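Asker: Sequence:
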Amino acid sequence: MSPRTGGAGLSSPQAAAVLDVSERTVKRVRAGEVGVKDAMTARAQEFLGRSRTTTGRDAELLDSYAAQVEWSALCAAFPNAHLTCLSSAIGRGWSSVHSRDCRQLTQSERMRQPTSWGGFALNWFPGHDLPWGVECRLGADETPYRVASAERTLLELADKEGAFGEDDVGEAY
Numbered sequence: 013m014s015p016r017t018g019g020a021g022l023s024s025p026q027a028a029a030v031l032d033v034s035e036r037t038v039k040r041v042r043a044g045e046v047g048v049k050d051a052m053t054a055r056a057q058e059f060l061g062r063s064r065t066t067t068g069r070d071a072e073l074l075d076s077y078a079a080q081v082e083w084s085a086l087c088a089a090f091p092n093a094h095l096t097c098l099s100s101a102i103g104r105g106w107s108s109v110h111s112r113d114c115r116q117l118t119q120s121e122r123m124r125q126p127t128s129w130g131g132f133a134l135n136w137f138p139g140h141d142l143p144w145g146v147e148c149r150l151g152a153d154e155t156p157y158r159v160a161s162a163e164r165t166l167l168e169l170a171d172k173e174g175a176f177g178e179d180d181v182g183e184a185y
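If you're matching positions, the sequence shown starts at 13 in this note's numbering and goes up one per residue.
These are computed hints drawn from the structure, not numbers from a lab. Fair warning: this is a prediction, and the values are worked out from it, not measured in the lab. A couple of the hints might just be wrong.
To be verified - Pair ranges (Cβ atoms, derived): (1) Ser108 x Ala54: 35 to 45 Å; (2) Pro138 x Pro25: 11 to 21 Å; (3) Gly182 x Gly44: 30 to 40 Å; (4) Leu167 x Val46: 31 to 41 Å; (5) Cys114 x Arg36: 33 to 43 Å.
In this text, a Cβ means the ideal position worked out from N, Cα and C, and glycines have one as well.
Hey, can you work out the whole structure from these sequences and the hints?
Answerer: If you want it as structure tokens, here you go:
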């Protein structure tokens, strides 16, 4: 909802639940018809703070990597998606696999899922409407991006192992 959070990639029903407002209010705020109230800002900041489970040096490295590979631009292009699987593992330093100019994302299957964007091949994995385990972060360049948490990354890698290869997934564990 604000430029710094990029809306956190939430649908209107999800944002309404997080902000404790109606879906209509969320839509009006997004359209610029009404302003964001202080209480809404506080609830949004609390939500964003809780989403950031990667801390310390690991967070610094993840945010630095995100800025270098411009994850924020990708997240801005797909506001309901987040980076996952090997993309997240590479960013966390868990895998030495080369991304081959490919990014892996997940979002609701109802959303558009092009096969390429900005010179990158895009691999899409089925998503769910609930944004569990998604970190809403700011890169080292202070731009917002969304990435699977450490726990979600490991779960999604295990679930999608057939799409990657046992050696690539095993390295992350």
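Asker: Could you tell me which of the hints above the structure violates, numbers in ascending order?
Answerer: 3
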